[in-house]
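Heads up: the protein sequence lines correspond to chains A and B, in order. Per the working numbering: the first sequence = residues 13 to 598. Per the working numbering: the second sequence = residues 162 to 351.
Don't read these hints as lab results, they were simulated from the structure. Careful, some of the hints might be misleading.
[Stated by the list, open to error] Each computed DSSO-like pair below joins lysine-lysine, with the alpha-carbon atoms no more than 27 Å apart: (1) A/15 / B/270; (2) A/572 / B/334; (3) A/372 / A/330; (4) A/554 / B/218; (5) A/242 / A/313; (6) A/554 / A/572; (7) A/572 / B/316; (8) A/312 / A/137; (9) A/545 / B/316; (10) A/330 / B/316; (11) A/330 / A/313; (12) A/330 / B/270; (13) A/14 / B/218.
Here the structure is a predicted model, which is why all the values come from computation and not from measurement.
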Amino acid sequence: MKKILTGNEAIARGAYEAGITVATGYPGTPSTEILESATAYRDSMYLEWSPNEKVAFEVAAAASMTGARSIVTMKHVGLNVAADPLMTFSYTGAVGGFIACVADDPGQHSSQNEQDTRHYARFAKIPVLEPASSQDASDFMKYGIELSEKFSVPVILRTTTRVSHSSGLVELKDRIDSLKPLAFEKNPQRFTPLPAWGRILRRQVEERLSLLGKEASQSPMNRIERGNGKLGIIAPGIAYLYVKEAFPEASVLKLGFSYPFPDDLIREFADGVEQVLVVEELENFLEDHIRAMGIPCEGKKYVPVCGELDPQTVRNVKIRLEGGEPETPVTLPEVSDLPARPPMLCAGCPHRGIFYALGKFDVIVTGDIGCYSLGVFPPLSRIDTILCMGGGISMAHGMEKAGEKRSVVGIVGDSTFFHSGITGLLDIVYNKGKSTIIVVDNRTTAMTGHQDHPGTGRTLMNEPTYAASIEELGRACGIRRIVTINPYDLENTIDVLRDELSAGEPSLIVSRAPCILKEKSGIGLPFTVDQDKCRQCKACLKLGCPAIEFREDEVRINTKLCTGCGMCAQTCRFAAITRQNEERKA
Amino acid sequence: MNITSIVLAGVGGQGILLASRITSRASVLAGYDVKLNEVHGMAQRGGSVIAQIRYGKEVYSPLVCKGGARVLMALEQVEALRYADYLAPEGLATVSDQTILPVTVSSGKAVYPSDIYARLQRVFRNLQYIPAADIAAELGNSRAANTVLLGAMSKGLDLETDCWHQAIAECLKPATTDMNIQAFNRGRNI
């Protein structure tokens, strides 16, 4: 039976069919839906959102050591966080099959950088699988687990945004459970790589590489599709799909198991064609190696290094290869001045209150990753740095210690705080800093789709559980000034900020109000502008709320969007904004 | 390769995902292989969103080439223009008369084109301009505006009415099926 599944749904389905019993992860676009879809198989596997990707990886790795087939899911930058356990897990190896499902984001649809995760596979000396489609994604989970158990090696399944979020028909099959006993077998020489043992494991890792390379050359995840024998294109992952449509007559080597490099297969393919072209997204990972093998080929001479591939880009590769220049697309005047429509903080978002209040002070704001990152856009324009998860806190400390004279405020969200914020707080107190830190707590991991985390009191399986307290953790780190505020109360928020910024010691402000998209019970009657009282001073527009419209010299509130949070009314000096009395119209 | 490409455009939260599910389901019921791509994540934050659907005997790429779409369905007027270059010159543009101001406009930083209809007529040789919300309201349910639009768009494709009806029944709640099929038919008969 076939069903249309996204790549992520297909990975979850494939995990189920491959007998996975432990699945962990941390939300991150475009990987989030893997674990979410996998909850459909909760009767067959244990699933959890971990506080961060390092913890998630460690949990899944230990499960694998105990004989359980395990997966961990994350986006590409998440692998940076999990890189420490990854590198040594390559040495200890997997017992129960283990796959790290990592989703790259070429083109940075929702990421602060672009990374080619295949480099991690090479760095850790483990296999990487690159599915091109949803059917591949499902099939490769099964092959991946078999590969992992055959060679006792952790495997990376690497997708990109267009694989994870595109859909196609997938054949559904039955689950095959593992027969491995679920019991950890004591073996310190394997599982505790102290230097003397680690060095032995190190050499085994090296020997494993050539065996894996031979396996890749014979793997059903790779195949040669013969064309007219002139041009031979090597295409890993989704590039294969674009190549099939742009170069229908070419011979193609579809690579699904791309590292360790399938040298024998590559050589066989190159021998059968006149010219070799490598069409790969992001880095020249394969091209470099193929050239080093002594096989003349081209790739990045024609294929972009930055950004994602798409059908047009690959068509342009063909044009350039044939000596032409792609046509510059003509932009019609009718579409050249369209207003941008960027994502923004929702109407009624509590984060808006914090950024508005911060606007009253001359401060530098070290920010972080989440919905609140959108506070960087005008008119709020209130974030100055974003580096990585948890950076919002540590970087405030760094600027202070560098000698920055202005106040520096660090901002993180609740999920980010539990992910990597606590260590930064410890640093501030331990190393005698004075930073003011704001945790914008909207009671969820919002941007990725409202997932739970250690502070929400609910697990991925929707079971009630202990809710860790941000304030108590702050106290445990040694912070004495801890204030909890309601960000919708602008005046109070500004007063608190004034006090804490001049405190001369570390300060933790917890700004707590639930995400308005998730907690719809917070929505009240909409507000409205009295045009007689309004002086068009535009103070309310400084909030950047999408429900407030300035059109034809009038300020109006769109009652379909307004959630009745009341922040705009607080900014108005002329009492022109008040709450409607009637029930909102449907 | 004989592949039909469809592009759906709109604003996050308008219902693009559902329209794309119905369309792809109708293609599968008609016996085709289908691939689709939808933008996730930022969509709910009021950003511009696009879904791409391709069906045929064997479909490789889930993404449409610029100038490759047989139909473009837009739930919002500016978004129709924003993604106009996806439509083939002779393709059918089905555009709702809906306006949703981006925050760049509502905050006074940018301007929403005042001559939007004239621009649509100039850009699209083959234009269906549909007051979808009004039609849906006439039928007694403003939420069916997207289904009206889907009906109008369906005229540009070769999928049988039965496939569409069954897709709607499978993708929507049973209680709303009949009403949505009615809305779809209304759009298809414009």
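Consistency of the hints with the structure:
1. Annotation: proposed proximity of residue 15 of chain A to residue 270 of chain B is violated, straight-line Cα distance about 45 Å (limit 27 Å).
2. Of the supplied pair hints, the one linking residue 572 of chain A and residue 334 of chain B holds, its CA atoms being roughly 24 Å apart against a limit of 27 Å.
3. Restraint check for residue 372 of chain A and residue 330 of chain A: the C-alpha separation of about 55 Å exceeds 27 Å, so the hint is violated.
4. Our distance criterion of 27 Å between C-alpha atoms is broken by residue 554 of chain A and residue 218 of chain B, whose separation comes to about 53 Å.
5. Distance restraint check for residue 242 of chain A and residue 313 of chain A: the Cα-Cα separation of roughly 19 Å lies within the 27 Å cut-off, and the hinted pair is therefore satisfied.
6. Of the supplied pair hints, the one linking residue 554 of chain A and residue 572 of chain A holds, its CA atoms being roughly 20 Å apart against a limit of 27 Å.
7. With a C-alpha separation of about 32 Å, the suggested pair residue 572 of chain A and residue 316 of chain B falls outside the 27 Å cut-off, and the hint is violated.
8. With a CA separation close to 24 Å, the supplied pair residue 312 of chain A and residue 137 of chain A stays within the 27 Å bound.
9. Of the pairs offered as hints, the one joining residue 545 of chain A and residue 316 of chain B is violated, with about 51 Å between alpha carbons and a cut-off of 27 Å exceeded.
10. Distance check on the hinted pair: residue 330 of chain A and residue 316 of chain B sit about 34 Å apart at the alpha-carbon level, beyond 27 Å; violated.
11. Distance check on the hinted pair: residue 330 of chain A and residue 313 of chain A sit about 12 Å apart at the alpha-carbon level, within 27 Å; holds.
12. Of the supplied pair hints, the one linking residue 330 of chain A and residue 270 of chain B is violated, its CA atoms being roughly 41 Å apart against a limit of 27 Å.
13. Using a Cα cut-off of 27 Å, the hinted pair residue 14 of chain A and residue 218 of chain B holds, with the two alpha carbons roughly 15 Å apart.
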